[in-house]
Amino acid sequence: MDVWANIVIGFDTALSPTNLIYCLLGVSLGTFFGMLPGIGSLAAVSMLLPITFYLEPTTALVMLAGVYYGAEYGGSTSSILLNLPGTPSNAVTCLDGYPMSQQGRAGVALFSTTIASFIGGTLGVIALYLLAPLIVRWALAFGPAEYFAIMLFGLVAAATVTQDAPAKGLAMVVLGMLLGTVGADITSGVPRFHFGFFELRDGINFIALAMGLFGVSEIILSIAQSVDKPFIQKVTLRSMVPTRDEVRRSVMPVFRGAGIGGFFGALPGTGPSIATFIGYAIEKRLSSTPERFGKGAIEGIVSPESANNAAVQAAFIPTMTLGIPGSATMAVMMGALLIHGIQPGPQLMNQNPDIFWGLAASFWIGNLLLLILNIPLIGLWVRMLKIPYGVLYPAVICFICIGVYTVRTSTFDVFLVLFFGLMGYVLRLLRFELAPILIGFILGPMVEENFKRAMLIYRGDFGEIMGRPISGTLLAMTAALLVWTFWSVMRARRREIRREARWADD
Amino acid sequence: MNGRMTSALAVTAGLALAGTAHAQEDFPQQPVTIVVPFSPGGSNDIVARQLGQQLQELWGEPVVIENRPGGGATIGSAYLAEQDPDGYTLMIASVTFTMNAAVQSELPYDSREDFTPIALIGQVPLVIGARPDIPAETPQELITYLQESDEPLSYGATGVGSIQHFAGELFNQAAGTEVQVIQYPGGAPAMTDVMGGHIEYSIGSMTQMKPQIDEGNIKGIAVTSLERSDAMPDLPTLAESGLEDFEVIQWWAILGPDGMDQALVDEINEDINQVLSSDAFTEFLAADGGTPRPMSAQETADFMTRNFDRWAQVAEEAGIREE
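If you read the sequences in order, they're chains A and B.
Going by my numbering, 1329 is the number at position 282 of the first sequence; the sequence numbering is gapless.
Going by my numbering, 177 is the number at position 120 of the second sequence; the sequence numbering is gapless.
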């Protein structure tokens, strides 16, 4: 089909006044919910779903999609300002965003992530427009063997993204993987490590884990240290503009982030969280000055945010073209279409081109609205820092509880947040990093599940996994990465030993 | 303000209906909750919302859909079992409810005793969907291929004791094949691997399978009901293809907590059956290949008992259990 014709159909639908208003409403609500720590896109979309039953199907989805990517946009704001991730996929943005904020550069950080999000989102929409059918065919080539290989690669690539003590970082990845084993094993049905709690049979709620580790522990830590109020930041337009050096350093990370986000977004079952971690890991590896990461490196915030928003847009590709929701949020959104009697799937593009292309166009308009909405508001957000902690933190705790409760309507999960908050607090006191826990928690179970599936399909023959072109290549890359990591560690140590030897000679 | 107006209208409508339809006792007097033990967007949720909306019109009281997902419907079911048996908290249950009882050893409730079956809603067949390049068009050809192939063969299901797993193992038994089950976290990822040719087939819901089959992404082989489905009349049944009496269907029912008053049960049953017989509801189910199946409360209870017995037996024979 003619791309230009699709664009015309799409914008014709998306620019209707009703759709435009609901798009604006969706992205505004999304940004708002996303900024509130604890209420992520899944909770926001689930909460607003019933409202859309009374709308036209296209309008309903325009709004819900706006809430979804608006939440991912807004989530970085609280990561940067408060060290509290708005949504789990913004957790990695805390690592460098919060240090920037502490250095008085919150405006620059917010400005950069907004631009990065916009570019990532735009490239994701372009991929949706131009490459959807192609990407879908390619995504189908990924079976259990390929998923196993790519997840293993991701685990190895991301596991070593730690600061000073690699052993401590690895320990946290393993802890994350162990937490990921809680719940019924899908292949045998056996519930593992549930300690008699019925609620744990479905596993640990990822949002409860992320919000407990990052949100609650941060609050406990601030109270314990009774920190002074951070100094007031400048919020003039000038103070938001990154330096020329920062712009130069951001360009490639933004595009790489968008590529990584587009890749993982289009793979059903992966999603934005993985994309942000891998985006961060890759930038740190490629950087000639990796020691700046974690101390306010701009690459460390623009790449994950670009990846996040590209992944969110690309996640619509399998949902809308195959009818396969790639994430829980997507499943809710597909439900919204089904309730309106529209079957997302292969025929959607042909039978309802106005819906399909209209949505795609509205996504881009929504991204543009977010850009227009967010830049002038940065000054306002930064002023959030002026809110006394005595008011802010109880409110944040409240939002976290609401957000976590909404996802599974479970009070058990609220207590889980508290538990992980205490755990996070203790770990931070012991100077363990928390981000690797999330990496292990997301990727560990995926590696395990897909490995089991692949081994069952090939009746235990690992050679089959290595012999397949995609999985074989990925496994070879993983091996090369491992060797390279060990080699560089050894080389660094040898150099150290030599240096010490020289000192001894003197 | 809008909401208040809507409910005022609804109350008026309700009063009018109450005068004619319910001479005995006016149920409901307050909002009714239907618990959906799954996340929003699944088939249980969509059926419950349609039923809830039409009941709301009939009753003139709001019908609230409450999603309590988790544990393969066990968390929502445990919640229902603890509620007052006053008819104001109901739950949608599906065939999975009777399968869980056969497979899970530590349920926090007694599936047969702690609930009151009120009404059956409807049913929909499953569809055997095979990878597009499988060298078989008909059920017989598929069975022959599965019996004779030297390759390791696999089918996709959605967890130990899921309806897809039960259907797959029943099919293995009936066809004399030994196809390996591969478990997925949901029907969609299982279907993706069928489309990609990574596994041979999956026996999935018609709602999910139909669009993929229409588009040629998956090859439709057969339906699992005793009768052909109006939604996909070209697909033969397994029963007519030599697997005698082969039947696995998805159904939905409305349950209440144990100890409900019989008159109340019958009243709700009649109201639900009134909704089921409406054109709107029939068309709603037909869109996905389903049919309403109105029954009395007693018939519903008997139907569920037969299901409990049957799945316990199949689980025993096929060795389906958490191991």
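I should point out that these hints are in silico values taken from the structure, not numbers from a laboratory.
Hints may be right or wrong, so weigh each one.
What the hints assert, rightly or not - Every beta carbon over 12 angstroms from chain B, so not counted as near; a handful from chain A, in silico:
| no. | residue |
| --- | --- |
| 1 | Tyr1176 |
| 2 | Ala1501 |
| 3 | Val1536 |
Stated by the list, open to error - Rough simulated footprint, nothing fancy, chain A against chain B, three-plus residues with beta-carbon under 8 angstroms:
| no. | stretch |
| --- | --- |
| 4 | 84-92 |
| 5 | 97-110 |
| 6 | 229-237 |
| 7 | 244-253 |
As the list claims (entries may be wrong) - Reference excerpt, derived from the structure (chain B facing chain A, CB under 7 angstroms, subset only):
| no. | residue |
| --- | --- |
| 8 | Leu283 |
| 9 | Pro351 |
| 10 | Ser353 |
| 11 | Glu379 |
Only a predicted model underlies this, so the values are computations on that prediction, with no experimental measurement involved.
Think of the CB as a built atom: it goes at the ideal place given N, C-alpha and C, for glycine as much as any other residue.
Hint-by-hint comparison with the structure:
Every beta carbon of chain B lies more than 12 angstroms from that of A/Tyr1176, the smallest distance being close to 20 angstroms; the non-interface claim holds. A cut-off of 12 angstroms between C-beta atoms contradicts the statement that A/Ala1501 is not in contact with chain B; the least separation is 9 angstroms. Non-interface call for A/Val1536 relative to chain B: holds, since the shortest CB-CB distance, roughly 36 angstroms, exceeds 12 angstroms. For the stretch 84-92 of chain B, the stated coverage by chain A is violated: 0 residues have a C-beta nearer than 8 angstroms to a C-beta of that chain, whereas at least 3 were required.
Counting residues of the stretch 97-110 of chain B whose beta carbon lies closer than 8 angstroms to any beta carbon of chain A gives 6, which reaches the threshold of three, so the coverage claim holds. As drawn, the stretch 229-237 of chain B meets chain A at 1 residues by the rule of a beta-carbon pair under 8 angstroms; below three, the given contact is violated. Only when three residues or more bring their CB closer than 8 angstroms to a CB of chain A does the claim for the stretch 244-253 of chain B stand; here the count is 7, and the claim holds. For B/Leu283, the shortest C-beta to C-beta distance to chain A is roughly 26 angstroms, which exceeds 7 angstroms, and the interface hint is violated.
Among the interface hints, the one on B/Pro351 is violated; its C-beta lies about 23 angstroms from the nearest C-beta in chain A, farther than the 7 angstroms criterion. Interface restraint check: B/Ser353 against chain A, minimum CB-CB distance 30 angstroms, threshold 7 angstroms, status violated. Contact between B/Glu379 and chain A, as hinted, is supported at the beta carbon level, the nearest pair being about 4 angstroms apart and thus within 7 angstroms.
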